[in-house]
Amino acid sequence: MSGTAPEAGRPGASILPYSRVVGQDDLKLALELNHVAPGIGGVLMAGQRGTAKSTLVRAFALMAHGELPVTLPINATDDRVVGGWRLDALMRGETLEQPGLLEEAHDKGILYVDEVNLLDDHVVNIILDVVSTGQLSVQREGLAAARQLDFGLVGTMNPEEGGLRPQLLDRFGLMVTAADLDTDARHRMIRTVLAFEEARARDTSEWLTDAERDNAAVRDRLRAARERFAQVDVPDPVLRLCAEAAGRLDAVGQRGEIVATHAARALAALEGAERVEPRHLLRVLPPALRHRRPEAAHGGTFDWGPDDHARIKDLFDAG
Amino acid sequence: MTTSTPALEPPDDARRLERAFRCAALDPALSGVLLFDLEPRLIRPVAGLFTAILGGPAGPPAARIPLGAATRDEDLWVTSRLERHRDGIAFTVAPGPLVAGAGPPPLAVVPDLAHLSVAGMRAAVQLIGADVVCVEQPGLRLVDRPRARWLAVCRSEDSGRVTPHLLDRFALRLAVPGLRTVPEGLSSDSAAPLGAFAATTEEAVTRVQEILGPGAGPRRSLALARLARALATLGGQREVTAAHCEDAARLIGLRVTEPAPSADRPDSGEPGPLPAPLPHPGDTGRRGGRSNRRRRPEEEQPLLASGPAEGVGSAPGAPLGMPYPEDDAVALREFMPLRNPWQRRSGPASARGAVVGTRRAHDLRDLALLRTVREAAVHQRIRGYEDFTVAPVDLHSNLRAPAPERLLTLLLDHTCRGDWDWQDALTPFLQWAYTARAALHVIEVGGADAADELRAESFAARGVLDPRLMTALYRPRGRATPLAHGIEQAARTMRQAFRRQGSALAEAWLVVVTDGRGNVPLRASHTGRLHGPVAARGIEDSLTAAAPIAALDRGRLRVAVVDAARRPYGELPFALAETLGAMVVEGRGDHGS
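Residue numbers (my numbering), protein chains in the order written: chain V, 747 to 1065; chain U, 84 to 676.
Quick caveat, the hints were computed from the structure, so don't treat them as lab data.
Only a predicted model underlies this, so the values are computations on that prediction, with no experimental measurement involved.
Do not take every clue at face value.
These stretches of chain V come out as covered by chain U in the derived footprint (C-beta under 8 Å, 3 or more residues) [as the list claims (entries may be wrong)]:
1) 793-799
2) 811-821
3) 899-913
4) 932-941
We put the CB at the ideal spot given by N, CA and C, even for glycine.
Could you put the whole structure together from the sequences, leaning on the hints where they help?
Below is the structure:
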């Protein structure tokens, strides 16, 4: 086509560098905490359209792992999800297994589901089975296999298109909502996105070089935090505080407290602290508990407002 | 740069269209073009213009991919071909048309966005303006940058019915209700763009924010900024200026606010591609100083006018010109429109809905034969049988859009309403129709704005979310009451439903809201002429027309008369109900006059 601006060949090259994504601090923090402490079990990002949720997930994966995440698109067929035979080999009369996306996610640690609330029910059922039991059992088309799988779920969703089943909601360790940008941040966002696209269209770009340098700095910070994570102490008073806060906020089940503890520890590791302090816990309580309250399980919103904060404020003031 | 002479210039809308297409061809982030109120006869030539631009002046036009109400996933992502070989049937798998990699970017054409299938909508959400698309289908894994451009058409009044999630993907929106002709050939008034995008300046970003105001979503801001950049790039400019942003706003039908006064505004910098202003219908504002400046001939590009206007909103004189009509649209929308339809099991198994995909089957009902054979072909050599064998695991049946198994027919007599709000009486029936996904047929008599007050009017809809229902429920009352004609139409509707849908129609409701008084004899409705006094003829005809309904399949049809309770003929609804074999529902407690 005439007049087409140059495009980079690699699809990953079209993703805005992580260090250049404007705003969305909560989303970034959740991804970073989950990276430092994979035991958190994943992140669900909810937000209106156009809030850079998908961009952020892909940019983070590129920055942290050097490749795009294992992605489950909404129209993936079930044989691609659980695995099957390679079609081209079958046509030659050979049987070659083709791993499914869930197995790949086990190898990479994360399964990214874009528009997770649009997934067809049978695919949601498969994912729930696997993340609940930790085992993928396939008995189909002459294929008999069972394998232990362990991966975190990272999903994005637009609540305008409907909610998630409570069982699936609970499988996401943290849940964050994308925020609207203020005028100044929006200005910077437009500027940044266009600058990136213009830089990408050139052969060499100082802008991209600077962004990669900053990406490397974030990567180093995350790596150091991962190494430090196991050494970060979690004092008993913080654990009691966590249990008390979860009780006051009517959190359903105990997964919320466990995730909150992991996340607070990861935050402390990111900050270079030697032990978890109440302020670390206070920072991670909203993403750990907002989707584990009764109203969220029954189709309510995921708001976390001043009222919620007020219910636990005295706990942390005393601490 | 050459400029076409005024005599040869295509009309404004055609030029806007061509320019928008060039921008969409240039920048993949502008890949979605949505046209509001395009005349249906122009869809083909407009798509032809777009494909010609995508193909470039030297190459063949880009491929067109039609997408509509019956588009399936199987049509989009994977292309499979069955072939007869010496040793049996074989097939090959290749990327489908939306993600195929060679040649100019293909163009997906959606003639009616409000009726696009779920598979088509989901493909649009995944592809338009996306950084990356992932395809995970049998035999095909693909992670790539989307190349396809999209051209969708939608009526402004339907915009509220389309999910914002989908609408928001279309970066380029143009309302073109006035478009009458489309240029057949490509104009040569665009300079060859540079090898890279024009650089966006701070001034341009500020201007985008000013034009859109603080409430605009991030995608709209980015779309306007990218459009301005595309215009600058197409004009051979190295920098995007505020004037480009104003041109971009006018291109999509936004009015342009006066720029905020700023001492350091680089207004006197390198001049942007300020065009010779094109006349805009109703463009009555004064012209800005910059557009009146003398310009060098090479600056006189045929871009759109830059001139001031006041406030964001529709262009003056063009009430449908707003590129975001969904912001003001009030319409009921399907719940979770991007989810595949649930397969309902309460009614009889039906193979009547439009095929929207395939799925694994456990019996031989409604088999998708090609898909089944293709599945079997894959495993032939492994199975080692001599003959071609279809195993149970190969079976696939059609996945169909839900066909209505329930029907609600509403007969609304507007002349019985007066100051009475019949919403409470009708709500249970409407709720049933919504939860049962029932089809809807509305018959109206006695409306103030009826085309012929002697006749009943009717419309059919897919369900109670149809916006025409709300209009019908609150239509002002007129003078005449052709109740007999309305009942006759209701009887015909029910007969046709039972005949056409046969056993698939599991349940039907006929709800008649009336006071039983009809002052138009059936003959008058048929002939369109009213002769002589009516007396009780209209009422008698109503009862006569109602009699056949009582003889319909009462195992599936239920009838209710909502009593308007108007005196002094309060017994009429009961007489009508008796003839219909209907239950009587109390419409209002207080008896009106």
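Checked hints:
1. 793-799: holds (count 5)
2. 811-821: It holds: at least three residues are needed, and the stretch 811-821 of chain V offers 6 whose Cβ sits within less than 8 Å of chain U.
3. 899-913: holds (count 4)
4. 932-941: holds (count 8)
Of the hints listed earlier, there is not a single one the structure fails to meet.
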